[in-house]
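Peer 1: Sequence:
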Amino acid sequence: MYLLFCLFYCLWDSCSGRRTSGCPRRTPFCVLNTTNISGVVRFVQTSNWSVEVTANVIGLPPGPHGFHIHQYGDITKGCASAGGHYNPLSMNHGGPDSPVRHVGDLGNIVANTQGIVVHCHEYHNFTLQGTHSILGRSIVIHANADDYGLGGHNDSLTTGHAGARLACCSIVVSQLSVFFSRVRT
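Going by the numbering used here, -5 is the number at position 12 of the sequence shown; the sequence numbering is gapless.
If you're looking for bench data, these hints aren't it; they were derived computationally from the structure. All residues carry an ideal CB built from backbone N, CA and C; glycine is no exception. None of the hints are false.
With beta-carbon atoms standing in for the labels, derived distance ranges:
#1 Ala63 x Asn137: 11 to 21 Å
#2 Thr18 x Ser73: 29 to 39 Å
#3 Glu105 x Val83: 16 to 26 Å
#4 Ala63 x His136: 14 to 24 Å
#5 Thr114 x Thr18: 33 to 43 Å
#6 Pro82 x Thr18: 30 to 40 Å
#7 Leu72 x Thr18: 30 to 40 Å
#8 Gly135 x Asn31: 30 to 40 Å
Make a model of the complete structure from these sequences and hints.
Peer 2: If you want it as structure tokens, here you go:
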């Protein structure tokens, strides 16, 4: 856990550099902690339909990996209990900026040659509250790159042909959320 905290503290860098004032927000997050892969994914609501997602991960094989919000927050059974991609609108799989996509399609994160990911992207089709809230769902990192539904494989339009589930975590709000929101203030 200490190494995870050090990773979080050393690598944390908000996309926009915004600093909050006043009372700290309760920022949803999830903690990846498998045998070889660890990290933190943080979520900040930036507007009504926009959420900034920042991921700092270590221990992944170098290269791109599918990065998705899955239907359930149950991360037992090697992430198999997380269900499929979060898809409340019953759409085909797509890329993070595609007009046709699952709500949970976040695209790829890319691990460098040391297996480290520092990723930040603003997504525009889910929220942290209301109808398409992602709270209580899970993040799953896959073994292969997401083909954004364009690969022509049998599973391209459902999973992006992203392969096995390497790591997962439940998206939660807890007392740690207050700590994480104060790190950048």
